[in-house]
Amino acid sequence: MITLLKGAFELKKFCFSLMTIFLLGACSYQESTKEASEEIVLPTSTFSSSKNNAVIDEKEIKESIKTYLDANEDLLNTSDQFEEMMDSDQQLTKAEAKKLEQLNDLVKENDRNFSTYISHNTLPEGYKKESERISRFITGSNQILDELDQAIDDMVERMSEGDFSETEIESLMNKNEGVNGREQKKIEHFLDDKNIDTKAFGRKS
Numbered sequence: 001m002i003t004l005l006k007g008a009f010e011l012k013k014f015c016f017s018l019m020t021i022f023l024l025g026a027c028s029y030q031e032s033t034k035e036a037s038e039e040i041v042l043p044t045s046t047f048s049s050s051k052n053n054a055v056i057d058e059k060e061i062k063e064s065i066k067t068y069l070d071a072n073e074d075l076l077n078t079s080d081q082f083e084e085m086m087d088s089d090q091q092l093t094k095a096e097a098k099k100l101e102q103l104n105d106l107v108k109e110n111d112r113n114f115s116t117y118i119s120h121n122t123l124p125e126g127y128k129k130e131s132e133r134i135s136r137f138i139t140g141s142n143q144i145l146d147e148l149d150q151a152i153d154d155m156v157e158r159m160s161e162g163d164f165s166e167t168e169i170e171s172l173m174n175k176n177e178g179v180n181g182r183e184q185k186k187i188e189h190f191l192d193d194k195n196i197d198t199k200a201f202g203r204k205s
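Quick note: the sequence shown uses our numbering, first residue 1, plus one each step.
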C-alpha cells in the first residue's frame, strides 16, 4: 500500500463515524469550551506564489516542491487529529465542524496553487516532468480521500449498513492512474536525486 495513502482506509472509518453521528443527532454543535491542549490548530500556510511567466531557478523550484509537500503532510496530519476525536466518540462543536471544512479548502488550495505555479512558469531542465508527476500524485491522492468521504455520505443517505468493500475501494483507486506505488517510487527517487528534504512519504525533514 502506498505510504501516503496508508491512512486512507482508516480515514473512511472516521468519515463513516462522522456521518453516523450527524444522522443520530449526536453532533449537536455544542459551543462548549475545551482545554487549549485539545483544540485542533489548522496549518497556517499552504504553497503559494504570485509568479507568472517567470523563469524559475533550481534553488527556487526545490524550495517550492518542499513547501508544497510539507504543507500537504501537515494538512494530512491535521485530518488525523479529527479522526482521533471521532474515534474517541468526542462530539464536534460548531467551531470544529467549521475547521474541518476549512481544512478541506486548504488541501484544495495547496494543490491548486502548486499546479498553477508549475504550469505557468518555466522550470529548470529536468524538473518539469517530475514536478507534474508530484502534482498529479498528491492531488490525485487527496481526491481519492475526498471521494471516499462523498461515497460514505451517499451510503448514509441511503441508510445502508456495513462498510466499503474492497471492490469499491479499488474502483476509486483505479480512477486515478497517477496514484500508485510505482509512481511514488519515481517521486522518491527524484527527491533523493535532487536532495529535496521533505516530510512527505514518511521522510524526516
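Keep in mind the hints are simulated off the structure, nothing from the lab.
Glycine residues also receive a C-beta, built at the ideal position from the N, C-alpha and C atoms.
Hints are supplied without guarantee of correctness; some may be wrong.
To be verified - Ranges of calculated distance between the beta carbons of each label pair, as one might list FRET restraints:
hint, residue 1, residue 2, range
1, 95, 192, 40 to 50 angstroms
2, 42, 63, 16 to 26 angstroms
3, 109, 40, 12 to 22 angstroms
4, 90, 54, 39 to 49 angstroms
5, 50, 125, 29 to 39 angstroms
6, 94, 201, 27 to 37 angstroms
Said to hold, decoys possible - Calculated cross-link-like contacts (lysine to any residue; reagent style SDA-like; alpha-carbon spacing at most 25 angstroms):
hint, residue 1, residue 2
7, 99, 62
8, 129, 80
9, 186, 50
10, 62, 136
11, 59, 145
Do the hints match the structure? See the list:
Range check, residue 95 to residue 192: Cβ separation about 41 angstroms, and the 40 to 50 angstroms hint holds. The hint said 16 to 26 angstroms for the Cβ distance between residue 42 and residue 63, and at roughly 23 angstroms that hint holds. Here the CB-CB span from residue 109 to residue 40 is close to 18 angstroms, well matched to the stated 12 to 22 angstroms. Distance hint for residue 90 and residue 54: a CB-CB separation of about 46 angstroms, consistent with the stated range 39 to 49 angstroms.
Separation of residue 50 from residue 125 is about 24 angstroms and departs from the stated range, judged on CB atoms against 29 to 39 angstroms. Checked against the hint of 27 to 37 angstroms, the C-beta distance between residue 94 and residue 201 comes to roughly 35 angstroms, which is consistent with it. Straight-line distance between C-alpha atoms of residue 99 and residue 62 comes to about 30 angstroms, which puts the hinted pair past the 25 angstroms bound. The hinted pair formed by residue 129 and residue 80 fails the criterion: a straight-line CA distance of about 31 angstroms is larger than 25 angstroms.
Pair hint residue 186 plus residue 50 does not hold up; C-alpha atoms about 29 angstroms apart against a cutoff of 25 angstroms. Of the pairs offered as hints, the one joining residue 62 and residue 136 holds, with about 17 angstroms between alpha carbons and a cut-off of 25 angstroms not exceeded. Restraint check for residue 59 and residue 145: not satisfied, since their Cα atoms lie roughly 32 angstroms apart, outside the 25 angstroms limit.
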